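J.: One letter stands for each residue in the lines below.
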Amino acid sequence: MAKKNVRIPSGEVIPEIPETLDPSLFKVIGKNTERMESISRPSLTFWQDAWRRFRKNRPAFLGFCIIGLYVILAIFAPIMSKYAFDAMDVSLKYATPSLEHFLGCDGSGRDIWVRMWMGARVSLTIGFFAAFINMCVGSVIGGLCGYYGGWLDMIIMRIVDVVYGIPSLIITILVMVVVGRGIHTLIIAMCVVGWIGSCRFVRGEVYRLKNQDYVSAAKVLGVPDFTIILRHIIPNVMGMLITNLCMAIPGAIFQEAFLSYIGLGIAPPNCSWGILAKEGIKYLKVYPNQVMFTAFFICTTMLSLTMIGDGLRDAFDPRLRGTE
Amino acid sequence: MSKYIVKRVIAAVLTLLVLITVVFFLVRLMPGEPFTSEKLNPIVKENMIKYYGFDKPLIVQYFQYLGNLLKGNMGYSMKYTNKTVNYIIGSTFPYSADLGLRALAIALVFGLLLGVVAALNRGTRLDVFCVILAIIGTSIPDFIMGAVLQYVFGLKLKVLPVAKWAGFKYTILPSCALAFYTMASVSRTMRASMLEVVQQDYIKTARAKGLSNFRITWKHQIRNAIMPVITIMGPTVAAVLTGTFVIEAMYAIPGMGKYYVDSTNDNDYSMILGMTVFYGAFLIFCNLVVDILYGVVDPRVRIGK
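Protein chains in written order, with my numbering: chain A, 5 to 328; chain B, 27 to 331.
Hints should not be assumed to be uniformly reliable.
Stated by the list, open to error - Mimicking EDC-like on lysine to aspartate or glutamate, the simulated pairs with C-alpha atoms at most 20 angstroms apart in a straight line are:
1) B:Lys33 / A:Glu209
2) B:Lys109 / B:Asp153
3) B:Lys33 / A:Asp165
Stated by the list, open to error - Restraint ranges, calculated between C-beta atoms of paired labels, are given here:
4) A:Met92 / B:Lys284: 25 to 35 angstroms
5) A:Asp90 / B:Arg326: 56 to 66 angstroms
6) B:Lys109 / A:Lys289: 47 to 57 angstroms
7) B:Leu40 / A:Lys286: 22 to 32 angstroms
8) B:Arg326 / A:Cys140: 46 to 56 angstroms
9) B:Leu181 / A:Asp90: 28 to 38 angstroms
10) A:Asn293 / B:Leu237: 26 to 36 angstroms
11) B:Ala192 / A:Pro272: 32 to 42 angstroms
Just so you know, these hints were derived from the structure itself, not from any lab.
Model, not experiment: these values are computed from the prediction.
Cβ atoms here follow ideal geometry from the backbone N, Cα and C, with glycine treated the same way.
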């Protein structure tokens, strides 16, 4: 048998490729007619597939665990602790972290650990609900505009164009002043202009999907609009919606912290992470640890949510992996 | 092109009008009323009420305000009764604008640089470093960044002044604190769009033509990849401007932010209106510039619309 070395362009040498193969190397094993048509692995639905990819994405899964931990702590830490979040003890002013008070005490002798998780309740609630309501309102309006088009779309898109040009934080501040301070009002204030973003996005997405062949086919077959929306449009938008929701939560937490920081958020003695940061920064020079814990929790939450968002995006649409 | 610009300008003016209207009526819905200062002379108070036409119906006041605004007159502040809103904006805005511009410049230069470097070295350690920096950057609110910088460079290392605004050295910390978030988001956007451009056929063509790497990156990749960054410039400018509220307070910079926040607490109608209209007009103007710039850079936009 003739043998010769082959040089491939990269310079590597592959040794000894025989020019002809000896048939005795092969054996006929015949056809297994039973197994050849069978599917070797269980088929996965879109959601199972996405979940599998999401779990494999280590940063995203880590973020998911961190947020889970924070939610559990926010629910249980204030209940489990023997200190109330607004109970003052002047003898413990600016106490450093100890076993009694995990993160020390603030300027009024209040336990920071408990306040931190009370703050987390407020911040996470506001972040989640503001983002969620914005998403719902935006997708319903944007979906209607994208799917039906026509004069309704014209009018709403002109409104959206105009409102989009207005700095949202300024309107939020004004609405906040009008409706008063509190968790509900803060969410309302954020939603007044917040739905615009998701409305634009959903409209574009629905418009694109509407012109896909399978939707046209469904239409030709006489499927009613309602069923098309339920069966074809919503499942296809859902992945991106959830990703966007996840990306919008940090934005809402940011806004809440910002508003609380400039004194327009939650009213004391209630607390949120924004208020804790504000209180802590006042004593930055003397007691830097007061603000560092808050900063740590805010930043890790943001980080986790961003990573979850990225992971979800990759999970729902693997083509986008690694592009951002 | 001119048709496109006219369209954009009309939209901008309309937006501004809506903003003024919404804010004017929102402000009147606020609980409480202006002129609550006890130091205020009753005669002055009466004159002020007459001056602002508070005794007239709301709609008349609205048109009166619009008329005054057209003449560039935003009236007297209702708290600092001896100053006009124009004067307060005129004396504080330069500081805010200075801070904002510095931050924006830092954010753009370093953001674009990081994005390009990361995309060109995709998959390497440098890329991972840039991506991690960007993700961390978007996770830190600017008030926390401000506090951390103040603590590390001002209090611990004592290399830069902690506060005030009196010379170049004083501007470094606040500008960086304000720029960090924006820098991170710019670099993310730039990296994503660079990666998309790299796969395009015209880059292959340019390679095949034998263009130098520098020329391909500079003339073909960056030019095309910068479009999404221009699109986010409008919201970015808005974010930087509102970010100045907090950074100004933290670094004791005599800018507009403090007056804006205080005026909402004091029910200083003319001040809230004036400042909001000013901020809004400024941002709408920025958006307009971005839109026009977009049309200039990408001819498809102006034909498509």
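J.: Does each hint fit the structure? Answer for all of them.
T.: Hint check results:
Of the pairs offered as hints, the one joining B:Lys33 and A:Glu209 is violated, with about 25 angstroms between alpha carbons and a cut-off of 20 angstroms exceeded. At most 20 angstroms may separate the alpha-carbon atoms for a hinted pair to count; B:Lys109 and B:Asp153 exceed this at roughly 53 angstroms. Distance hint between B:Lys33 and A:Asp165 is fulfilled; the C-alpha atoms sit about 12 angstroms from each other, no more than 20 angstroms. A hinted range of 25 to 35 angstroms holds for the C-beta pair A:Met92 and B:Lys284, which are about 30 angstroms apart.
A hinted range of 56 to 66 angstroms for the beta carbons of A:Asp90 and B:Arg326 is consistent with their spacing of about 59 angstroms. B:Lys109 and A:Lys289 have their C-beta atoms about 33 angstroms apart, which leaves the hinted 47 to 57 angstroms range violated. The beta-carbon spacing between B:Leu40 and A:Lys286, approximately 43 angstroms, falls outside the hinted interval of 22 to 32 angstroms. Checking the proposed 46 to 56 angstroms range against B:Arg326 and A:Cys140 shows it is violated: the Cβ atoms sit about 34 angstroms from each other.
For B:Leu181 and A:Asp90, the Cβ-Cβ distance of about 30 angstroms falls inside the hinted range of 28 to 38 angstroms, so the restraint holds. Taking the beta carbon of each, A:Asn293 and B:Leu237 are about 56 angstroms apart, not inside 26 to 36 angstroms as hinted. A hinted range of 32 to 42 angstroms for the beta carbons of B:Ala192 and A:Pro272 is consistent with their spacing of about 34 angstroms.
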